[in-house]
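Peer 1: In our numbering, the protein residues as written are 1 to 107.
In short, the hints are calculated from the structure, not lab data. Heads up, some of the hints might be wrong.
As the list claims (entries may be wrong) - Label pairs and their calculated CB-CB ranges:
id, residue 1, residue 2, range
1, Gln23, Lys60, 26 to 34 Å
2, Gln26, Glu78, 32 to 40 Å
3, Asn97, Asn49, 22 to 30 Å
4, Glu78, Gln23, 43 to 51 Å
5, Gln23, Arg95, 45 to 53 Å
6, Asn33, Met68, 24 to 32 Å
7, Val91, Thr70, 18 to 26 Å
To be verified - Straight-line C-alpha distance at most 16 Å; calculated EDC-like pairs for lysine to aspartate or glutamate:
id, residue 1, residue 2
8, Lys90, Glu78
9, Lys50, Glu40
10, Lys50, Glu85
11, Lys90, Asp35
12, Lys64, Glu86
13, Lys60, Glu86
Glycine included, C-beta positions come from ideal geometry on N, C-alpha and C.
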Amino acid sequence: MKKHAQQYVAVKAGKRKGSSLQQGFQKPAQAVNRDVVIGETITVGELANKMAVKGSQVIKAMMKLGAMATINQVIDQETAQLVAEEMGHKVILRRENELEEAGNERP
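Take the sequences, apply the hints, and build the full model.
Peer 2: If you want it as structure tokens, here you go:
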């Protein structure tokens with residue numbers, strides 16, 4: 001009976017050692033800067049999604065610029081541009097009626 005208990009303890013101890021060898025996820029050292037297409041209006045959450053960052057990071061950047069907004073709040077194109085550029089992303093501005101105007105110009 002004692003031998004069985006010793007083997008059980010040895011096996012259990014071996015499992016603990018093995019679990020310490022697992023590697024965890026390592027965060028990338030540098031953020032990826034993206035081209036962000038911004039329409040006339042955009043929510044803070046949508047902007048965060050396009051930049052592939054958390055919404056809280058966008059809100060934090062807005063606070064640094066002196067603007068306060070929630071994740072679901074709609075912001076204008078100029079504010080979104082300032083925030084995206086502050087976070088190191090390239091901004092492409094898009095007017096909402098740009099597609100309509102292009103469609104009307106065709107013969």
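Peer 1: None of the hints should be skipped; say for each whether it holds.
Peer 2: How the hints compare with the structure:
A hinted range of 26 to 34 Å holds for the C-beta pair glutamine 23 and lysine 60, which are about 30 Å apart. Between glutamine 26 and glutamate 78 the CB atoms are about 37 Å apart, so this pair conforms to the stated range of 32 to 40 Å. Distance hint check for asparagine 97 and asparagine 49: the Cβ-Cβ separation is about 23 Å, which falls inside the suggested range of 22 to 30 Å. At roughly 44 Å, the beta carbons of glutamate 78 and glutamine 23 sit within the given window of 43 to 51 Å.
In this structure the hint that glutamine 23 and arginine 95 lie 45 to 53 Å apart at CB holds, the actual value being about 48 Å. Take asparagine 33 and methionine 68: their Cβ atoms lie about 25 Å apart, and the range 24 to 32 Å holds. Between valine 91 and threonine 70 the CB atoms are about 22 Å apart, so this pair conforms to the stated range of 18 to 26 Å. The straight-line distance between the Cα atoms of lysine 90 and glutamate 78 is roughly 14 Å, inside the 16 Å bound, and the hint therefore holds.
With a C-alpha separation of about 15 Å, the suggested pairing of lysine 50 with glutamate 40 holds against the 16 Å cut-off. Among the hinted pairs, lysine 50 with glutamate 85 is consistent with the structure: their alpha-carbon atoms are about 13 Å apart, no more than 16 Å. A distance of roughly 5 Å separates the Cα atoms of lysine 90 and aspartate 35; the hinted pair therefore holds under the 16 Å criterion. In summary, the hint linking lysine 64 to glutamate 86 is supported, as the alpha carbons are separated by about 10 Å, within the 16 Å threshold.
Only pairs whose Cα atoms come within 16 Å are accepted, and lysine 60 paired with glutamate 86 is accepted, the gap being roughly 11 Å.
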